[in-house]
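Asker: Let chain V serve as the given structure and place chain Z on it in line with the hints.
Chains as they are written, first to last, in this note's numbering: chain V, 1 to 587; chain Z, 1 to 433.
Mixed in with the good hints there might be a few duds.
[As the list claims (entries may be wrong)] To give a feel for the contact side, a few chain Z residues facing chain V, derived at Cβ under 7 Å: (1) Ala-239; (2) Arg-242; (3) Val-243; (4) Asp-304; (5) Arg-305; (6) Val-308; (7) Gln-312; (8) Ile-318.
[What the hints assert, rightly or not] Computed Cβ-Cβ distance ranges for the label pairs, DEER-style: (9) Arg-75(V) / Gly-180(Z): 20 to 28 Å; (10) Arg-65(Z) / Arg-75(V): 55 to 63 Å; (11) Gln-40(V) / Ala-327(Z): 43 to 51 Å; (12) Pro-141(Z) / Thr-153(V): 43 to 51 Å; (13) Arg-279(V) / Ser-169(Z): 54 to 62 Å; (14) Arg-122(Z) / Arg-75(V): 56 to 64 Å.
[As the list claims (entries may be wrong)] Only part of the chain V face toward chain Z is listed, based on derived beta-carbon distances under 10 Å: (15) Tyr-87; (16) Trp-121; (17) Ala-123; (18) Arg-124; (19) Phe-125; (20) Gly-126; (21) Asp-148; (22) Pro-150.
Just so you know, these hints were derived from the structure itself, not from any lab.
Each residue gets a CB set at the ideal place from its N, CA and C atoms; glycine is no exception.
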Amino acid sequence: MTLRTRLALLVGALVAITVVLVTMTVSAGARQSFAALDAQRSSAAIAQFRREFTSEGENVVSRIERLASSDAVRRLAADVDAAGRDYAAFVGEAGPLATAEGLDFLDLVAADGTVISSAHWPARFGVRHGWALDAAAGTRAAFFQPVDVPQDTALGLVAVRAVQARGTTLYVAGGRQMNRRFLSALTLAPGLRAWLYRNVQPEVSRRWLVDAEAIDDAAALEPLIARVRDTGREAVEAVARNDGPETVQAIPLPGRERALAGVLLVGSSGREQAALVQRIRWIGVLFGGVGIALGFALSFVIAARVTRPVEQLAGAAREIAAGRWDVPVDGIRASGEIGELATAFGTMSRQLVDQRERLVQAERVAAWRELARRLAHELKNPLFPLRVTLDNLRRAKPLPPAEFDEVFVESVDTLTRGIGNLNTVIGRFSDFAKMPAPDVSAVSPNALVEESLALFRAQLTAPGAPRIETAVDLDPAAGAVHADGEQLARAIQNLILNAIDAMPQGGRLSIRTQRTGDTVRIDVSDSGQGLTEEERSRLFTPYYTTKAHGTGLGLAIVQSVVADHHGKIWVESEPGRGATFHIELPS
Amino acid sequence: MAIETTARAIDPFGVVDTTMARQVYPLVFETLLAVNPSGGLRPMLATSWASDAAGWHIRLRRGVRLHDGSLLDAAAVAAVLRTRFPEWRITTADDELTIADGGVPADVPWALAHRGSVIAVRQASGAWVGTGPFRVDRLEPGRLTLAAHTEHWSGRPFLDAIEVDLGRSRAAQLADLELGRLDLASLQPADVRRAEQRQRRSWTSKPLDLIALVFEPHRAADGGAPLRRTVAASFDRRAIARVVAQGQAEPATAVLPAWIGGYTLPETSGPVLTRSAVAALAADQRTVVVRVPAGDAVSRAIADRLAVDAQQAGFSIIVQVPTGGLAPRADARLVRVPVDVTSPDRALAGVIAALGPRSQISGLSPRPGTAVEEVARIEAALAERRVLVPIVHLPEIAASAARVEDWAGPLILPDGTWDLANVWLRAAETAPR
Chain V
1 MTLRTRLALL VGALVAITVV LVTMTVSAGA RQSFAALDAQ RSSAAIAQFR
51 REFTSEGENV VSRIERLASS DAVRRLAADV DAAGRDYAAF VGEAGPLATA
101 EGLDFLDLVA ADGTVISSAH WPARFGVRHG WALDAAAGTR AAFFQPVDVP
151 QDTALGLVAV RAVQARGTTL YVAGGRQMNR RFLSALTLAP GLRAWLYRNV
201 QPEVSRRWLV DAEAIDDAAA LEPLIARVRD TGREAVEAVA RNDGPETVQA
251 IPLPGRERAL AGVLLVGSSG REQAALVQRI RWIGVLFGGV GIALGFALSF
301 VIAARVTRPV EQLAGAAREI AAGRWDVPVD GIRASGEIGE LATAFGTMSR
351 QLVDQRERLV QAERVAAWRE LARRLAHELK NPLFPLRVTL DNLRRAKPLP
401 PAEFDEVFVE SVDTLTRGIG NLNTVIGRFS DFAKMPAPDV SAVSPNALVE
451 ESLALFRAQL TAPGAPRIET AVDLDPAAGA VHADGEQLAR AIQNLILNAI
501 DAMPQGGRLS IRTQRTGDTV RIDVSDSGQG LTEEERSRLF TPYYTTKAHG
551 TGLGLAIVQS VVADHHGKIW VESEPGRGAT FHIELPS
Chain Z
1 MAIETTARAI DPFGVVDTTM ARQVYPLVFE TLLAVNPSGG LRPMLATSWA
51 SDAAGWHIRL RRGVRLHDGS LLDAAAVAAV LRTRFPEWRI TTADDELTIA
101 DGGVPADVPW ALAHRGSVIA VRQASGAWVG TGPFRVDRLE PGRLTLAAHT
151 EHWSGRPFLD AIEVDLGRSR AAQLADLELG RLDLASLQPA DVRRAEQRQR
201 RSWTSKPLDL IALVFEPHRA ADGGAPLRRT VAASFDRRAI ARVVAQGQAE
251 PATAVLPAWI GGYTLPETSG PVLTRSAVAA LAADQRTVVV RVPAGDAVSR
301 AIADRLAVDA QQAGFSIIVQ VPTGGLAPRA DARLVRVPVD VTSPDRALAG
351 VIAALGPRSQ ISGLSPRPGT AVEEVARIEA ALAERRVLVP IVHLPEIAAS
401 AARVEDWAGP LILPDGTWDL ANVWLRAAET APR
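Here chain V stands alone, though its shape is the one from the complex (with noise of 0.2 Å):
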C-alpha cells in the first residue's frame, strides 16, 4: 500500500469517523430534546385535563344544584312525598330536566334509593340506586363514578344533592359523562392521545377503554392499567406500536371516597420524534456520507499534494538505484522538509554523479593504465627474443655466409614465432573489445555445461594431468532460458578453465544447475586453494588476474556475457576452502 493511499486512508478516517461522531451527537441530542419537549407536552396536556375535570366538575355541581333548587323539582319532591310509593307517574320527568341542564346523566332517586326516573336510562325505575345516597352523605363536590347505561357502563362526573319535600326527601344525582365527546373538546398538541378507562370490574379489560374498538391495539395498554389500579398512582410507559414507541402517562381519577373510578391515558406517540429524529439521522447520513465522500476525495488530493515530492523522490532514488544517474531532481515542488529532503536529494544525487563520472574517469585512467601495462607487458615478453634475434642476426653478418644462412634461417623462424604471438596478444585484446551483442534464443543450459564440459574431457584426462574429479548435477527442470547460446558457452567454458587453473595439485570440479522460479542458476565449484577478500573483491575486473600467465580478461568477459544476458554473477570462496561461481540467468 503506498503512501499516499495510507495517508488518504487515515485522512479519510479521520473524517468519516469525525462525521459519524458528529451525526451521532446530534442525532442523540435531538432525541434527547424531543423527549423532554414530549414530557413538557403530556404534562401540560395532564394539566390541562385536571383543569377540565375541575371545571367540568363545578359546572356538574352548579347544574345539579340549580336543578335542585329549581320549582320544579321541589314540586315533584311534594308529588313524590303525596304519591306514597307509587313513582310511576314519574319515570318520565328526569328526562326532560337532564335535558334542560344539558346533563348526561340524571337519576331522581327516592328516599329509600329507589329509582324514580333515569333519564339515561328510562327503563331503570325501581331498581335500587348504587351510589346516590352515600354520596350525598358525603361529598359535595363532584366525582367521578361509573353509571349504568344501556347494555354499557359509562364513566361520569356527577354530583349529588338531595330536595328535602314535606315528610321525604328526594336526590338528584347526575352528571356528565366522560367520553370521546368530552376527549375531542380538548384540545391536544399533535401527536397526543388520550383514552379514558372505566373501572367497572375487578379485572382489567381493554373493552372498559372508552371506545375501545376504536383504540388500535389497546391491550397493550392494560399492564399500564392494572399498575395505576394496583398503586392508586400515576405511572409512565412506553409501548410498542407499529408505528413507533407511544409514551403513555396514566392519571387515577378518583371516585367517591377515593376508589378508584376510572383513569385517564395519554399517549404522546413517538411517531413524529421518531420521523423527526430519523429524519435528522437520514439528513446527518447523507451530509455525513456527503462529507466522508469529500473527506476522502480530499485527503486524496493532500495526500497527493503531500506524497508526490516523496514519490518522486523515491522514483527517483529508484532510477539511480538502476543506474540512471542523470534523473532530474530539480523539478520536485514541495515545501518544508520535504523540500529541503528534495533540495537534499538532488544535492546527493548530483555529487553522486559527479563521483561517478568521476570515478569512471579515474577508473578509465586506471584501465587505460593497466590496459597499457598489460599491453606492454605482454608484448614486451615476444619482443625480447625478437630483439635478440635481432641482434644475432646483426652479429652474424659477418659471419660465413653458410653460417649467416643458417643463423639467418633460425632467426626467421624465431621472428616468425614471435610475431605470431605478438598477433596472439593482440587478438585476445582485440576479441575483448569485440565482445558483439547476444543472438538471443531459447537454450538449454544443462546441454551448454555437458557440451563445455565435453571440451575439457581431454585435457582433464590427459596423461600427467593433474587428477581433477568432476561432479555434474543437473536440474532436469531447469529448461531453457533465452540467451546466446555461443556466449553463454563461452562463459561456462571460462569457468571450467578458470577452475582447472585453481586447481593445479588436482580436486573437484563440480558443476551444477537448478531452476528457483523464474531463474536458472549454474553454480561451478572448485576445491582450490580460494580467494582472499581483496581477490574476490577484483576478480571481475580487467587484466585482473592472479595467474602467472593470465591475461585478467577470463573472468571479466564471463561477467560482461550474463550482463548483457540481465543476468547475475558473483562469487562464494574462503581461503583454502576453494571456489564457487554463481551465474543467475532469468528464463
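Answerer: Just chain Z now, with coordinates in the frame of chain V:
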C-alpha cells in the same frame, strides 16, 4: 283525526292493518254482529240470531241502506258471506239467512262478529260501499275524507265529515292535538298523563294488543329451555304495566286478555325463581339478544325494562333494533300482536297464526269451535313451554280535543274500534285554545 297508516285504497277484504281495522273501517263498514263490552255479542246489521237443527237463523235489520242508497237485502248479505265462508251453506228467505255447515257450526255468530266479516258491496267502479255511519268521500295522498251517511240505520251521525290525516306517527298526532290541529289522536300509553295534564280527554279500550317475547327457533328447542325459563322469570309484568305503560296495560300471563279468554294463568316470575334459573344457565347463555320492532316506542321501552330486570337478575339482555345492516342473531323477538275480539278459540288461533310458523307453536293452534276450557289448557301448555312469553296486553288509546263531545257511549269501544257516530263538536267560539 290522524292515523299512523298510509292507506292507498279502501278494501275491507284486502290486507288490513290494525289501525285501519280499528279506526277507519268500523266507520264505513259494519258486521252483522259485534262484541259487547262484556265479551258477549250484540246486534248490528242483524237483529237476532238463533240456531236449531237446520242451522243458524240470522234475521237482518230492515231498511239498512248502503252508501250508494240501495237497500241491503238478504241476497246481497248472503253473497258477501259466501265469498268469506265458502264452506257454509247459506239460504235466504225474506230478511232471514239460514247458515249451515253439514252439522251446526257452533261459532257462526262469532264468525259474523269478526271484523273480517264486514258487509261490503263492490260497485262497478271497483269501490267498496258499506253501511257504516260514514262513507268514503275522497282518498288522496296523505288524507282520507269521510262524509256522513245520512241514511244510516241508526240515524245520521252528528259530524258532517271526518278528515283523516294519513301516515302521522303517534308522537306527531299528540303534538298536533296539543297544537289544536287535530281533534282526535292515537296515543302511546306513556303519553296519556301528558295529554290529560294538557286538558285533553283520553279514551281507552279493553286490553287488546299482546306484547310478548317469542324465542327464535334455535332457542325454542329443548336445549333452550333453561334460557327461556330464566328470561320468563326475570321480569316484573306488573312494573311494566304500571310504569312503562303508565297503568294503561294489563300484565299478561296468558296470550288472551282475561276479558276475551275468560281465564288467567298464574304468575311465573319472581326473584327466587330467577336466581335459581340464572344459576342453571351456562356462561355463554347469560347474554340474550332481543330484537324489537323498529318504530314501536312501547315495545322498545318494554325491551329496555327487560334488560334492566335481566341486569338485576344477573344476566344480560341486549336490545337489538333492526337497522338494515348485519346484526348478531337474535335469541328472541319482542312482538306486538293484535288480538281479535272474538271467541277465545278464534282469538288464540289468530295470535298463533299471526306469529307464523317460526314461533314453533303452530301445532298448538285451536280449531274453530274449541271450548274455552280446552283453549285454557292450550294456553297452559304454551306457558309451560315458554316459547311465547306474554308480557302485557295494551289497549287502544285515544285522546280528544276539548271541543269533542260524546253523545252516547265512549269514543273508543271495548274492542278498540272508534265509534265516531256519537261524537259531535262544540262550537268553535267556545273551544279552548
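Asker: Could you check if Gly-126(V) really has its C-beta closer than 10 Å to a C-beta on chain Z?
Answerer: Because about 6 Å separates Gly-126(V) from the closest Cβ in chain Z, which is inside the 10 Å limit, the hint holds.
Asker: Are Trp-121(V) and chain Z close enough, Cβ to Cβ, to be under 10 Å, as the hint says?
Answerer: Status holds, d = 7 Å.
Asker: Going by Cβ atoms only, is Asp-304(Z) closer than 7 Å to chain V?
Answerer: Holds. Min distance 3 Å.
Asker: Does the interface hint hold: is Ala-123(V) within less than 10 Å of chain Z, judged Cβ to Cβ?
Answerer: Holds - the Cβ of Ala-123(V) comes within 10 Å of chain Z, reaching about 3 Å at its closest.
Asker: Kindly confirm whether 43 to 51 Å is satisfied by the beta carbon distance between Gln-40(V) and Ala-327(Z).
Answerer: Distance hint for Gln-40(V), Ala-327(Z) holds at roughly 47 Å.
Asker: Please check whether Arg-75(V) and Gly-180(Z) have a Cβ separation lying inside 20 to 28 Å.
Answerer: Between Arg-75(V) and Gly-180(Z), where Cβ atoms are some 27 Å apart, the hint holds.
Asker: Are Arg-242(Z) and chain V close enough, Cβ to Cβ, to be under 7 Å, as the hint says?
Answerer: 5 Å, holds
Asker: Please check whether Arg-122(Z) and Arg-75(V) have a Cβ separation lying inside 56 to 64 Å.
Answerer: Given about 59 Å between the Cβ atoms, the range holds.
Asker: Does Tyr-87(V) pass the interface hint, meaning its C-beta sits closer than 10 Å to a C-beta of chain Z?
Answerer: Because about 8 Å separates Tyr-87(V) from the closest Cβ in chain Z, which is inside the 10 Å limit, the hint holds.
Asker: Close enough to count: is the Cβ of Phe-125(V) nearer than 10 Å to one in chain Z?
Answerer: 5 Å, holds
Asker: I want to verify a distance hint. Is the separation of the beta carbons of Pro-141(Z) and Thr-153(V) within 43 to 51 Å?
Answerer: Between Pro-141(Z) and Thr-153(V), where Cβ atoms are some 47 Å apart, the hint holds.
Asker: With 7 Å as the cut and Cβ atoms as the points, is Gln-312(Z) at the interface with chain V?
Answerer: 6 Å, holds
Hint compliance for this structure: every hint is met.
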